[in-house]
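Read in full-length UniProt numbering, the sequence shown has 160 at position 160, and its numbers run on one by one without any break.
Hints were generated in silico from the structure; no laboratory data involved.
A couple of the hints might just be wrong.
Unchecked claim - Below, in silico cross-link-like pairs of lysine-lysine (DSS-like), each with a Cα-Cα straight-line distance of 25 Å or less:
{"no.": "1", "residue 1": "K305", "residue 2": "K277"}
{"no.": "2", "residue 1": "K316", "residue 2": "K204"}
{"no.": "3", "residue 1": "K251", "residue 2": "K277"}
As the list claims (entries may be wrong) - Cβ pair distances, simulated, as ranges:
{"no.": "4", "residue 1": "D42", "residue 2": "P91", "range": "47 to 55 Å"}
{"no.": "5", "residue 1": "E63", "residue 2": "K271", "range": "50 to 58 Å"}
{"no.": "6", "residue 1": "K276", "residue 2": "T364", "range": "27 to 35 Å"}
{"no.": "7", "residue 1": "P74", "residue 2": "L114", "range": "27 to 35 Å"}
{"no.": "8", "residue 1": "K305", "residue 2": "R21", "range": "46 to 54 Å"}
{"no.": "9", "residue 1": "P91", "residue 2": "E317", "range": "18 to 26 Å"}
{"no.": "10", "residue 1": "G75", "residue 2": "Q356", "range": "46 to 54 Å"}
{"no.": "11", "residue 1": "S30", "residue 2": "G75", "range": "21 to 29 Å"}
{"no.": "12", "residue 1": "T217", "residue 2": "D8", "range": "54 to 62 Å"}
Positions of the beta carbon are idealized from the N, C-alpha and C atoms, including for glycine.
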Amino acid sequence: MADAHLTDVTGVILVGGRSSRMGRDKALLSLGGKPLVGRVIDAFRQVFARTILVGDREERFREFDLEIVPDIYPGSALGGLHTGLARAGTPYVFVSACDVPWPDPRVIERLCSLRQGHDVVVPRTDGGIDPLFAVYGTGCLPAMERMLREGNYRIYDFYPAVRTRHVAPEELEGLVMPGRTFVNVNTPEEFETIRHKEEGMAVKAVSFVAKSGTGKTTLLEQVIMELKERGYRIGVIKHDAHRFDIDHPGKDSHRLTAAGADTMLISSPEKLAVVKKHPASPPIEELLETYFGDVDLVLTEGFKKSGLPKIEVHRKERSATLLCRGEEHDPTLLAVASDEALELDVPVLDLNDPAQVAGFVEQTFLK
């Protein structure tokens with residue numbers, strides 16, 4: 001980081017959104033003991049001499065002790081960006097939405113370092129461009145005002161009319177953490193996934209997911225043996241979408257359960273087993289906290305819709321597509337264990353080398 005704060009770039013944080021998909025104000029959601037907007041403010045204070053909030057809800061943001069500027073053209077992110085640029089009093093602004101959980105000051109500083117000779121400096125990501133984590137100069141104001149008067153609110157539509165610098169991913173190499181730097185929050189489900197990444201859980205867990213017939217149980221079995229040889233205590237949860245019985249007719253334990261016991265436990269000198277009835281599947285977090293406090297790591301099979309970090313098992317002959325990098329882009333995906341080479345934004349491990357997969361799990365969760 002530079003020693004001096006930038007004085008010709010103002011940090012602008014947009015706080016005027018209504019958070020309709022979230023159902024509550026995204027800016028004030030607490031993550032790691034701090035509201036999301038507070039995390040952006042902390043990052044900006046490391047880079048800029050001045051930061052302002054743009055939005056029309058001053059009463060909600062007074063606690064942050066920053067200038068709050070109401071929108072000139074309310075109702076859109078473009079309007080908020082225009083207001084920030086018009087009111088900043090500096091040649092440039094760096095704009096961010098208020099719901100960015102991991103704003104990296106190094107990335108902000110790098111983007112700002114490219115501003116000379118350009119009106120826009122915008123990063124290009126795997127998902128496209130990120131117009132709300134970018135640099136804008138006052139040369140953009142005429143084009144912005146024209147669009148706002150015409151009712152066109154797509155920020156990037158004015159880029160061809162000004163000097164725009166697209167920053168390729170390789171230009172941010174070593175700074176950007178995949179799946180984190182350009183993330184924002186729109187729905188409760190996304191926030192829970194992000195919260196899980198940030199705050200973690202008392203019990204460490206990773207889920208192995210795959211399409212049926214891919215061989216995830218075989219790989220999981222081999223990984224368990226590898227980790228046990230390395231001295232770790234390992235727990236396992238298998239997700240079953242159907243009814244199952246682990247007891248057998250004729251056994252005393254089966255008779256007691258069949259008689260109506262809600263919880264039945266069998267104990268011996270070597271092990272115990274619990275059969276517990278419940279009206280609905282308990283959350284995975286509850287299972288981990290209740291039953292696995294004495295292990296180093298829990299490996300689960302399935303739970304592909306959970307917020308757990310995931311390793312997807314892929315076999316070429318089973319399917320040409322992935323669960324977590326196909327129609328859906330699962331931000332909890334950590335790696336793919338595959339029997340073919342793949343170009344992905346996460347590590348690709350050798351499906352036929354369980355020691356390598358176990359080593360990745362060990363380094364990620366146990367070191």
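Structure-based check of all given hints:
| no. | hint | verdict |
| --- | --- | --- |
| 1 | K305 to K277 | holds (23 Å) |
| 2 | K316 to K204 | violated (30 Å) |
| 3 | K251 to K277 | holds (18 Å) |
| 4 | D42 to P91: 47 to 55 Å | violated (24 Å) |
| 5 | E63 to K271: 50 to 58 Å | holds (54 Å) |
| 6 | K276 to T364: 27 to 35 Å | holds (31 Å) |
| 7 | P74 to L114: 27 to 35 Å | holds (31 Å) |
| 8 | K305 to R21: 46 to 54 Å | violated (19 Å) |
| 9 | P91 to E317: 18 to 26 Å | violated (58 Å) |
| 10 | G75 to Q356: 46 to 54 Å | holds (52 Å) |
| 11 | S30 to G75: 21 to 29 Å | holds (27 Å) |
| 12 | T217 to D8: 54 to 62 Å | holds (59 Å) |
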